[in-house]
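Visitor: Spelled out from the first residue to the last, the chains are:
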Amino acid sequence: MERIPILKMGDFLLVTIQVDLYDQLAENLESDLINTINKHSSKGVLIDISAVSIIDSFMGRILGNIAVMSKIMDAQTVVVGMQPAVAITLVELGLSLNGVISALNVEKGMDLLRAKMYNGDKEEQVYDDDEQ
Amino acid sequence: MTTTNNKEELLIIKEQDVVPLRNRVKDYGVKLGMSILNQTKLITATSELVRNLLKYGGGGKVIIESVSNGRDNGVRVTFIDKGPGIKDIALAMQDGYSTGKSLGLGLPGTKRLVNEFDIQTELGSGTTVTIIKWKNG
Numbered sequence: 001m002e003r004i005p006i007l008k009m010g011d012f013l014l015v016t017i018q019v020d021l022y023d024q025l026a027e028n029l030e031s032d033l034i035n036t037i038n039k040h041s042s043k044g045v046l047i048d049i050s051a052v053s054i055i056d057s058f059m060g061r062i063l064g065n066i067a068v069m070s071k072i073m074d075a076q077t078v079v080v081g082m083q084p085a086v087a088i089t090l091v092e093l094g095l096s097l098n099g100v101i102s103a104l105n106v107e108k109g110m111d112l113l114r115a116k117m118y119n120g121d122k123e124e125q126v127y128d129d130d131e132q
Numbered sequence: 001m002t003t004t005n006n007k008e009e010l011l012i013i014k015e016q017d018v019v020p021l022r023n024r025v026k027d028y029g030v031k032l033g034m035s036i037l038n039q040t041k042l043i044t045a046t047s048e049l050v051r052n053l054l055k056y057g058g059g060g061k062v063i064i065e066s067v068s069n070g071r072d073n074g075v076r077v078t079f080i081d082k083g084p085g086i087k088d089i090a091l092a093m094q095d096g097y098s099t100g101k102s103l104g105l106g107l108p109g110t111k112r113l114v115n116e117f118d119i120q121t122e123l124g125s126g127t128t129v130t131i132i133k134w135k136n137g
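So the protein lines, in turn, are chains A and B.
1 is the number of the first residue of the first sequence in the UniProt record's numbering; add one for each residue after it.
1 is the number of the first residue of the second sequence in the UniProt record's numbering; add one for each residue after it.
Pulled out of the complex, with its shape left as it was, chain A reads as follows (with noise of 0.2 angstroms):
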């Protein structure tokens, strides 16, 4: 069975997405994904979609479980790099992927989970960081 890799990194859990997904595929990363945040006790997770061309209604599900899954298990999730064509399509199609974070690439990803864990819910002091 195809899987995609789950790559752990400190309280963190790196996903790189490189193929195109297909339902099973999609369904399988949902289950490892939470089972992962569990056995490592995980506080974040990155979702790196940059070389995905593709997302339709089933996979925007998949993705808005797994934030909402993770975020039960205590654990954020932010999704990268979704390219302006997909971004357009997934809104047309009506799917607002409301509850996902998300963020233009890797590098601001990673520094919107790392402010997210530091700084638990204070998100104006975040905020004020960015300014100076």
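Just so you know, not all the hints are guaranteed correct.
Stated by the list, open to error - Ranges of calculated distance between the beta carbons of each label pair, as one might list FRET restraints:
1) Pro84/B to Glu27/A: 33 to 43 angstroms
2) Glu27/A to Thr4/B: 35 to 45 angstroms
3) Ser96/A to Gln120/B: 37 to 47 angstroms
4) Arg114/A to Pro20/B: 17 to 27 angstroms
5) Val30/B to Val68/A: 34 to 44 angstroms
6) Lys61/B to Ile101/A: 23 to 33 angstroms
7) Ile13/B to Met1/A: 10 to 20 angstroms
8) Ile88/A to Ser98/B: 48 to 58 angstroms
Read the hints as simulated data drawn from the structure, not as lab findings.
Everything numeric in this text was worked out from a predicted model, so none of it was measured.
For glycine and all other residues, C-beta sits at the position ideal for the given N, C-alpha and C.
For this one, chain A is given, so just place chain B on it according to the hints.
Guide: Then chain B, alone, in the frame of chain A:
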């Protein structure tokens, strides 16, 4: 009038057939010089419809064609299944309606992504969905 320049047929019986199909459809778009955005919309629409074909129609066949209407070139994809058919098309075309466990975005969402959308269904004998994405549409 729409004329067909190039045509091929693919059998879709399992989920793993979906990725090669999406790639073939993309190849047709690339060959016409379709923009990345229109390609993405076309492949996403294909992905939605082929899921219906597998999930509700029990698999079937997909015809990909390179078509022209004199003013523009485009890709036409036809999804043919011999499944149970759709009872109420008007309801199935509503946003948020689903008999399965999905979000119900499939048919109405797909219609928004393409330029032409046609659905023919007969209870007990199957469903045929035809979409066209024009290169400049």
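Visitor: A separate judgement is required for each hint: does it hold in the structure or not?
Guide: Do the hints match the structure? See the list:
Distance hint check: the CB atoms of Pro84/B and Glu27/A are about 25 angstroms apart, inconsistent with the given range 33 to 43 angstroms. Checked against the hint of 35 to 45 angstroms, the C-beta distance between Glu27/A and Thr4/B comes to roughly 37 angstroms, which is consistent with it. A hinted range of 37 to 47 angstroms for the beta carbons of Ser96/A and Gln120/B is inconsistent with their spacing of about 31 angstroms. In this structure the supplied range 17 to 27 angstroms is violated for Arg114/A paired with Pro20/B, their Cβ-Cβ distance being about 40 angstroms.
For Val30/B paired with Val68/A, a C-beta distance near 36 angstroms keeps the hint of 34 to 44 angstroms intact. Here the CB-CB span from Lys61/B to Ile101/A is close to 41 angstroms, at odds with the stated 23 to 33 angstroms. Between Ile13/B and Met1/A, the C-beta spacing of about 19 angstroms keeps the proposed range 10 to 20 angstroms intact. Hint check: Ile88/A to Ser98/B, Cβ distance near 24 angstroms, so the stated range 48 to 58 angstroms is violated.
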